[in-house]
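Student: Each chain, written out:
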Amino acid sequence: MASPVHQFEIHPLIPIQMGGVDVSFTNSALFMVLAVVASYVFLVLGMGGRSLVPGRWQSLAEVTYEFVANMVRDNVGKEGARYFPFIFTLFMFVTLGNILGMMPYGFTYTSHIAVTGALALTVFIGVTIIGFARHGLHFLRMFFPHGAPILTAPILIPIELISYLSRPFSLSVRLFANMTVGHIMLKVLAGFIVTVPLLLGIVPLAATIGITILEFGIAFLQAYVFTILSCIYLNDAINMH
Amino acid sequence: MPQFDPSSFPSQLFWLAVCFAVLYALMSRVALPRIAEVLTERQRRVDNDRDRAAQLRNEAEAAIQAYERALAEARIQAHGIAKSADEDIARLVHTRTKEVAERLAVQVKGGEDRIAAARDAALTQVRDIAADAAQAMVSRLVGVSVDGSKALDAVGVAIQERG
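Order-wise, the sequence lines are chains L and U.
Just so it is clear: in the first sequence, position 134 is 134 by my numbering, and no numbers are missing.
Just so it is clear: in the second sequence, position 81 is 81 by my numbering, and no numbers are missing.
Incorrect hints may appear among the rest.
What the hints assert, rightly or not - Among chain L residues calculated to face chain U with C-beta under 7 Å, some are:
no.	residue
1	Phe-8
2	Asp-22
3	Ser-24
4	Leu-34
5	Val-44
6	Arg-50
7	Leu-52
8	Ala-114
9	Ile-232
10	Asp-236
Said to hold, decoys possible - Calculated Cβ distances over 12 Å to all of chain U for the following chain L residues:
no.	residue
11	Arg-56
12	Ala-69
13	Phe-91
14	Gly-97
15	His-112
16	Phe-132
17	Gly-136
18	His-138
19	Ala-153
20	Pro-154
21	Thr-212
Stated by the list, open to error - Covered by chain L, according to a simulated footprint, are these stretches of chain U (three or more residues, beta-carbon under 8 Å):
no.	stretch
22	3–11
23	88–94
24	112–125
What the hints contain is simulated information worked out from the structure, not anything from laboratory work.
These numbers were taken from a predicted model, which means no experiment stands behind them.
For glycine and all other residues, C-beta sits at the position ideal for the given N, C-alpha and C.
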């Protein structure tokens, strides 16, 4: 039987070399493209009617829009509207990565640290640039809270600095670990169904069904967490705290 | 674990960049404006309808007020008309009563005058008759003929004495 981590293997579908670098179109890339296509179909074709009274798909598209729009408005405020398309793209990309990975024979590109790390670093670097662009050197005040006694600076500043710098790690590892562990657990449990004596297999089957439902919840939840943390970081950079 | 195999990183990052960029372009250029347009249009329609409803309600209230004002005016007018009619009738009754009373007074006075004249005439006749009777009685009893004017004087004195 295949190893539980077999599902994370990346294999090229169309080998491509660019300047000596391997950028083959892989199963991971395929699911990224599927996510883009699915987002387009869902949001653009779903809104096809542009009806005043929405149908099912249009309702779902509108709910998704308002969900992210409210998240940005509540966490970042009015000035967050400029970054709404980016946050929305991030949410769709992570959500669909998680959900498509739940499909049979699917591949979860969000279970790869390279992908989550790149997304988290993009958010981190982007937010830091926005912070310095808006507040200049004053942005460094972030690392020393207002009203704290000056004597606490030698302790507070390193703590704040470390907590700030660890953001991309926690952001990327949270998503990557959740997706990886969930899928491994499902694989292992599902493996038990066939390895244990026939009737006893019902127990891991029931567990697998339960965990599958839970994993769908986690797929949404982790996408939500990734997005809302990005919003919170963005808010720190725009409004400072 | 395949996740920590760096040989797949360039390909993953390349396709991540491509797909994310395409998705960003599709979302920001096509999908989000389209949804936003529908949502704002709906909001606009809802606001419009609400505004129109408020306007219609105001108009209805204005109409009710106008109606009540007209009703109140009509009531006041009706009251005025009734009052003036009352006054007219009262005046008419008064003048008619006065006219009738005056006419009656004239008639009563005429009647009284006539009665007085008749009484006077009767009294004068009574005097003449009494004088004639006295003249006749004197000539029969005494055999003396009394002058007519003297007999009248004597009757006048007798009437005077008896009151």
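Student: It remains to establish, for every hint, whether it holds in the given structure.
Tutor: Hints, verified against the model:
1. Phe-8: With a minimum Cβ separation of about 5 Å from chain U (threshold 7 Å), the hint on L:Phe-8 holds.
2. Asp-22: 6 Å, holds
3. Ser-24: Since chain U brings a Cβ to about 5 Å from L:Ser-24, closer than 7 Å, the hint holds.
4. Leu-34: Nearest chain U Cβ about 9 Å off; hint violated.
5. Val-44: 5 Å, holds
6. Arg-50: This interface hint holds because 5 Å falls under the 7 Å limit.
7. Leu-52: Hint holds; L:Leu-52 Cβ to chain U Cβ min 6 Å, cut 7 Å.
8. Ala-114: Holds, about 5 Å.
9. Ile-232: Violated, because the Cβ-Cβ distance from L:Ile-232 to chain U comes to roughly 21 Å (cut-off 7 Å).
10. Asp-236: 22 Å, violated
11. Arg-56: The claim holds: L:Arg-56 sits with its nearest Cβ about 15 Å from chain U, beyond 12 Å.
12. Ala-69: L:Ala-69 is in fact no farther than 12 Å from some Cβ atom of chain U, at 9 Å.
13. Phe-91: The assertion about L:Phe-91 is violated, with a minimum of 10 Å to chain U.
14. Gly-97: Non-interface label on L:Gly-97 violated, nearest chain U Cβ at 10 Å vs cutoff 12 Å.
15. His-112: With a cut-off of 12 Å, L:His-112 comes too close to chain U, as the shortest Cβ separation is near 5 Å.
16. Phe-132: 23 Å, holds
17. Gly-136: L:Gly-136 clear of chain U: closest Cβ-Cβ about 28 Å, beyond 12 Å.
18. His-138: The claim holds: L:His-138 sits with its nearest Cβ about 30 Å from chain U, beyond 12 Å.
19. Ala-153: With a cut-off of 12 Å, L:Ala-153 remains clear of chain U, as the shortest Cβ separation is near 38 Å.
20. Pro-154: 37 Å, holds
21. Thr-212: 22 Å, holds
22. 3–11: holds (count 8)
23. 88–94: violated (count 0)
24. 112–125: violated (count 0)
When the structure is compared with the earlier hints, violations turn up for hints 4, 9, 10, 12, 13, 14, 15, 23 and 24 and for no others.
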